[in-house]
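Just so you know, the protein sequences line up as chains A, B and C, in that order.
All letters in the first sequence, in the order written, are residues 1 to 368 by my numbering.
All letters in the second sequence, in the order written, are residues 1 to 368 by my numbering.
All letters in the third sequence, in the order written, are residues 1 to 368 by my numbering.
Calculated directly from the structure, the hints in this document are not laboratory data.
Just so you know, these numbers come straight off a predicted model, no measurement behind them.
Some hints could be false.
It does not matter which identical chain is meant; a pair holds if it fits inside one copy or across any two.
Taking lysine-lysine and the BS3-like style, the derived pairs with C-alpha atoms no more than 30 Å apart in a straight line are [said to hold, decoys possible]:
hint: 1; residue 1: 338; residue 2: 168
hint: 2; residue 1: 11; residue 2: 266
hint: 3; residue 1: 266; residue 2: 3
hint: 4; residue 1: 9; residue 2: 338
hint: 5; residue 1: 266; residue 2: 63
hint: 6; residue 1: 168; residue 2: 266
hint: 7; residue 1: 338; residue 2: 3
hint: 8; residue 1: 338; residue 2: 63
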Amino acid sequence: AFKGAPEIKGKGGWSFKPRGRLQYDAGFVNAPDSTNRGGGFGNDIRRARLGVSGDMPGGFGYKFEVDVANSDLAVTDAIISYEAGDVEIMVGQFNNFQSLEELTSSLHTSFIERAAYTDAFNFIRRVGIGVEYGSGDVMVQGGIFTDNMDRLSNDAWSANGRVVYMPKVGDTQLHFGGTVNYREVAPGSTVRYRQRPLVAFTSDRFINTGNFAAESEFSYGVEGAFVSGRFHGAVEGYWRNVNTPMMAADPTFFGGYAELGYYLTKGDTRGYSGGKFGRTKPANAVGAGGIGSVQINARYDRLDLSDAGIIGGTQNGYFLSLVWKPTDYTMLLANYGKLDYSNAVFPTATGDTDYSVDVFGVRAQIDF
Amino acid sequence: AFKGAPEIKGKGGWSFKPRGRLQYDAGFVNAPDSTNRGGGFGNDIRRARLGVSGDMPGGFGYKFEVDVANSDLAVTDAIISYEAGDVEIMVGQFNNFQSLEELTSSLHTSFIERAAYTDAFNFIRRVGIGVEYGSGDVMVQGGIFTDNMDRLSNDAWSANGRVVYMPKVGDTQLHFGGTVNYREVAPGSTVRYRQRPLVAFTSDRFINTGNFAAESEFSYGVEGAFVSGRFHGAVEGYWRNVNTPMMAADPTFFGGYAELGYYLTKGDTRGYSGGKFGRTKPANAVGAGGIGSVQINARYDRLDLSDAGIIGGTQNGYFLSLVWKPTDYTMLLANYGKLDYSNAVFPTATGDTDYSVDVFGVRAQIDF
Amino acid sequence: AFKGAPEIKGKGGWSFKPRGRLQYDAGFVNAPDSTNRGGGFGNDIRRARLGVSGDMPGGFGYKFEVDVANSDLAVTDAIISYEAGDVEIMVGQFNNFQSLEELTSSLHTSFIERAAYTDAFNFIRRVGIGVEYGSGDVMVQGGIFTDNMDRLSNDAWSANGRVVYMPKVGDTQLHFGGTVNYREVAPGSTVRYRQRPLVAFTSDRFINTGNFAAESEFSYGVEGAFVSGRFHGAVEGYWRNVNTPMMAADPTFFGGYAELGYYLTKGDTRGYSGGKFGRTKPANAVGAGGIGSVQINARYDRLDLSDAGIIGGTQNGYFLSLVWKPTDYTMLLANYGKLDYSNAVFPTATGDTDYSVDVFGVRAQIDF
């Protein structure tokens, strides 16, 4: 059967499926002229991934994918898994267990990029071992990690856990989650938190703590979401406390967002399963007598990187998106964002660091 | 069905096919000894590509391929496409619409490398959007591009168009084409045009304009070709005018070639479709009672990089090739070239810059 | 049919199979504290490979695989092959014909890493042409190579040959082999021989000749092995003589090992075919009513890098491993090693260079 690419199955539990995705982004970033930032037009092959996944008799499985966007190689998932009953064990490199927004595939987000805090707080895939327990409406996940294989360290490590409760009440899917993360950085190293204005085709980060010495990070987050017919909503908050050897007080930074979405097309609903959002499958796709699904979304995206003497700046982002999925595996997305910054790192000619940046971005996407 | 690799099809318009090619080159380059160039024996994994292509219901498709020759990663095609009737729209990275020789796959060329001007004038894949219209004997192509994703710039851009008329007269396939290209380089940057002697396993470019400041390039080309039974012929000319901010006159460089080929084996003919040469499928392949197809080709390859005060040198190349295709997806190629240079960049001990370089190259190739 | 991944076949001799492997290693290295080496805990994505192989009508075939571990790209095999009767010709990049241990896939070794001399003496894949003749119990292999495509040189070259006699005596598979290798290094360059303590997740090489000028290497090796029911054994010796332009005498270094293994699980035996060890297929796999195969192995691993005035150090390694294969395509391995060094390159605080290093390593592996 085709799931974008063909999934080939064999007797006894064998399966194999090629995987891939292409995302092409373009748009504009407009900051106050005198900051000499923003740059106007930009474009980017955002993701260009190719990989495979499969199952084997006995409960074993694998998922292995690389990203080659801009002809730079990065391994994304490299997972050996074993499933027995309600428990799955994973070894290799994969996403750590934190944040509904982060764990939702980049194919299925409502905006061109995820909420600001996920990048700002360096959510990346790391090498380690994880365990997932799922039964009915409850899911518990936990793992121990070293670092991303691109910069594999034997000195840094982290442990994290996530709990999700996802009851269905009538026709409404609810989602409640919480996550805790502890990470010890390599001795003598520093941390830095910073973020771009919504789109990835600019390299200007208007808010940025700069590097500072740290020993460890302790983080916790809360997640809430619902899917009800054409509507969905999500809200998350995430706090990062940094243990700093040199400073009088340890700063706690915050990021979070709230979003609401609605399908203009009848019969369409946002996919959800396994503690994260999934694929939207248009009720009436192009090629099957329809025009696909059309969804509008609004989001407020907050990031506060100023605390305890560190002035990294704050962002209040107001975003609108229009997501058109002609078919299950294709997407066109347009979004506009207005980012109100305080204490931005690039001052205007008059020394002002409180200003707005406007961004507009479109994405063409196919996956298989 | 197998087309090198299996093409898997599903109901409703689904298809999926892995893709790949391996090319191993070896040979000799002999320049006058006192130039200290040429280097004698050389060898190279010329191309090592792996990728996928597929179709989806609703008219969508993709092609995604990477080249890993010499363990360097380069994305070649990364295309999201949509086809409706006679029109196809493409987004991503792909070959710009210029030159029969450039658009013909590197699997199906008559010589080990394409005509000198295609490299010299920096024909590369670029990120952008393209439209193709094809109906009957006419094809029209146009696109707007930024740059190759390896060095993606938001400052350079180009636009180009190509028209092809390809009537079949009796048993003879004719091809007439024309192309126009305008490219604005990134402000403050330079251009350079240069070329190796036929083979890629040497790094010596005997003709070379060196870097010089430029604002834009305007180029136009003409194409002619025929395929008639065992014979085929092709001739192209391409002019590049460079808008230079610093020089009194803007130089116009020229490249072009004329080739003639003939199959020694009965029943063989050169593939042609969609405005470019295609795959040769031997009438009597190895493994099916035959020896495959054997073709001889002769080419004159001209490149003139001297104009308006820039002395990049000129090349008059005389090439012969023997192409043996044991089967549809395998090839062995041998070719000899004599390159007469004027104003070459490497003088001999006596200061002479007008001399000949001899090259001999063989290729082993498989694709799927 | 599934061989890890599905092998797709077509009429006339077509076949196609995706290929891949993931290996995740972790463990400890303990050296005397005052050497400031060893580093304690380490972990590593040892191999992350993806590729394809296939056959074509007429006797042609290909194998093409890349390794992306740690997000570094390296092409492993890139082979175009042609088979006619008992003879196979290969062109591209592949393993040179030397050492049972080296030619046995990294999926099927008895320990986490191969014998010390295989790395120390720089056994790598190289670009070239090879011929293999196999008939009955005899196999003869020979090839001419340039270098690995990652650093492809047109100045270095090597030629090598290997002969294997592999009779079956009753139920016992015997293996006898010999290999000769001559390699000319690029003019003006140096060689260096060194090795880690058993595991790859440390970068400390305790024995190391350092770089020294060389013109060529002449090497020869002998191989012996048997597989008999649950038992297997192997012993190899390999001598490398270095032609040095600057030294009074040319050094000859030596490496070798002897190993013995036994399956604790009934009905299991070590795979062997084509002059090398193959895949262990558990008689009673997980998911089919069994626990898979469990094997214990012991090895002595010798490497002597001191001769003719060069004091690179010597290693006497004593290793034990436990190899658990739950299923044909999955493996968990644990091994312990004690490495007695003489003339190690990292002295202790008291200047001692004769000491022991302990290592413990585990591996999780899946392939397809």
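Which numbered conditions among the earlier hints are violated in the structure presented, ordered from lowest to highest?
Those not satisfied are hints 1, 4, 5, 7, 8.
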